[in-house]
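*Asks:* With the hints as a guide, bring both chains together as one complex.
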Amino acid sequence: EDKVVQSPLSLVVHEGDTVTLNCSYEVTNFRSLLWYKQEKKAPTFLFMLTSSGIEKKSGRLSSILDKKELSSILNITATQTGDSAIYLCAVGGGSNYKLTFGKGTLLTVNP
Amino acid sequence: GAVVSQHPSRVICKSGTSVKIECRSLDFQATTMFWYRQFPKQSLMLMATSNEGSKATYEQGVEKDKFLINHASLTLSTLTVTSAHPEDSSFYICSARWDSEQYFGPGTRLTVT
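Order-wise, the sequence lines are chains P and B.
The numbering of the first sequence is the numbering used here, which starts it at 1 and goes up by one.
The numbering of the second sequence is the numbering used here, which starts it at 1001 and goes up by one.
Simulated from the structure, these hints should not be mistaken for lab results.
The reader is advised that the hints may include incorrect statements.
[Stated by the list, open to error] Negatives, chain B to chain P, calculated, CB over 12 Å:
no., residue
1, Gln1006
2, Gly1053
3, Gln1102
[Said to hold, decoys possible] DSS-like mimics (lysine-lysine), calculated; alpha carbons at most 25 Å apart, straight line:
no., chain 1, residue 1, chain 2, residue 2
4, P, Lys3, B, Lys1020
5, P, Lys3, P, Lys56
6, P, Lys56, P, Lys67
7, B, Lys1041, B, Lys1066
8, B, Lys1055, P, Lys41
9, B, Lys1014, B, Lys1055
10, B, Lys1041, P, Lys41
11, P, Lys41, P, Lys67
12, P, Lys103, P, Lys68
13, B, Lys1041, P, Lys103
14, P, Lys57, P, Lys41
15, P, Lys41, B, Lys1014
16, P, Lys3, B, Lys1064
17, P, Lys3, P, Lys67
18, B, Lys1014, B, Lys1064
19, P, Lys40, P, Lys67
20, P, Lys40, B, Lys1020
21, P, Lys40, B, Lys1055
22, P, Lys40, P, Lys103
23, P, Lys103, P, Lys3
24, P, Lys3, P, Lys37
25, P, Lys68, P, Lys3
26, P, Lys57, P, Lys67
27, P, Lys103, P, Lys56
28, B, Lys1064, B, Lys1020
29, P, Lys40, P, Lys68
30, P, Lys37, B, Lys1041
Yeah, the Cβ is synthetic: ideal placement off N, Cα and C, and Gly gets one too.
Extracted from the complex, chain B is given alone in its bound form (with noise of 0.2 Å):
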């Protein structure tokens, strides 16, 4: 039980285009999802707070009009890279809550080329 799951896996884009990442609760109802970006030898850091039916709550620093977060049901939330540039190249990973726990996807590898 607790699956999340993440799509695509691995994408590769051109710099200027836009990315759309999805992330499922496969077998329970998460009314908050959490996106994170991993830098290669770096920890995770929390990119924002998603919650169902209502806006994102994005940490210092993370540009909304950038990451363009959707919740729009209790098993999906999307995370869009907009205008995606190299440095935007990262390991995204979501996280469900379910309970106190969190339940981690597998990671999308982003690529802006």
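Extracted from the complex, chain P is given alone in its bound form (with noise of 0.2 Å):
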């Protein structure tokens, strides 16, 4: 059974932190590993990360894949009260795109 952890579950900074969020995961066939940020609907895209695409960067967000460790790390840079939400990694295998979810980062940025 496809597995994806994320540490830590939940977090609090303040504004201008940086934040480290951690998933690593266990899939047969992995395609690709994905970010999301969830607010309060559904979530909205921030990464792929596939073999040939380990290093993503957007703005104050980067993410690394580590395809030895069978883990990656979201980081987040000078953090902003508009950055709390959940954080959720999910990791792509198999020939459907089938998508498995950890259960997120809680994020939690006070002025």
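*Replies:* Shown next as structure tokens:
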């Protein structure tokens, strides 16, 4: 059974801090690892990492995939209160691109 | 591009009735759509994979006779919760696969009274 584990489950920081969120996985036929941000509604896509693209960066957010360690990190620098959300890691495997989600990390950024 | 819509966004129904939720890919064709359920403070749990023109593939523990999925066209999949009970109250989210990415709909909040 495919498994995705995220840590920490929750995190409280102050504005301006840098945070690192972790995701480890066990999945057959790994295709991709995706990071999503979820606020009140459905998740919004952040990054997709694959064997051919193990590092992604967008503004203050960046992510790295370590295929050897079967893990990924999501970094957020200079956090803002608007970064407060649940960050979900999902791993896609198999021929139908099914995603298995981790439980998420609840990030709270205080002013 | 790659927009997915869901309808309705919120529904309240009485116990024992059936509810249909629609998922549409607005600007692309999706051969595969996925249905997820999310309970409060929990992650997304995949319920089933819906392939256009064929039967859905259900995850272990999901009753296929209770959660009917129809993927009648390349842009529309529907989930019908039959004989709904209060424990079916949840946030239902669909996603549509385009290329190697999944794009999520905004979700449907179902409350069964």
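*Asks:* For each hint, tell me whether it holds in the structure or not.
*Replies:* Going through the hints against the structure:
no.	hint	in the structure
1	Gln1006	violated (8 Å)
2	Gly1053	holds (14 Å)
3	Gln1102	violated (6 Å)
4	Lys3/P <-> Lys1020/B	violated (30 Å)
5	Lys3/P <-> Lys56/P	holds (23 Å)
6	Lys56/P <-> Lys67/P	holds (14 Å)
7	Lys1041/B <-> Lys1066/B	holds (24 Å)
8	Lys1055/B <-> Lys41/P	violated (28 Å)
9	Lys1014/B <-> Lys1055/B	violated (28 Å)
10	Lys1041/B <-> Lys41/P	holds (12 Å)
11	Lys41/P <-> Lys67/P	violated (31 Å)
12	Lys103/P <-> Lys68/P	holds (22 Å)
13	Lys1041/B <-> Lys103/P	holds (9 Å)
14	Lys57/P <-> Lys41/P	holds (24 Å)
15	Lys41/P <-> Lys1014/B	holds (24 Å)
16	Lys3/P <-> Lys1064/B	holds (23 Å)
17	Lys3/P <-> Lys67/P	holds (15 Å)
18	Lys1014/B <-> Lys1064/B	holds (21 Å)
19	Lys40/P <-> Lys67/P	violated (31 Å)
20	Lys40/P <-> Lys1020/B	holds (22 Å)
21	Lys40/P <-> Lys1055/B	violated (32 Å)
22	Lys40/P <-> Lys103/P	holds (16 Å)
23	Lys103/P <-> Lys3/P	holds (10 Å)
24	Lys3/P <-> Lys37/P	holds (19 Å)
25	Lys68/P <-> Lys3/P	holds (16 Å)
26	Lys57/P <-> Lys67/P	holds (18 Å)
27	Lys103/P <-> Lys56/P	holds (22 Å)
28	Lys1064/B <-> Lys1020/B	holds (14 Å)
29	Lys40/P <-> Lys68/P	violated (34 Å)
30	Lys37/P <-> Lys1041/B	holds (14 Å)
Hint compliance for this structure: hints 1, 3, 4, 8, 9, 11, 19, 21 and 29 are broken, all remaining hints hold.
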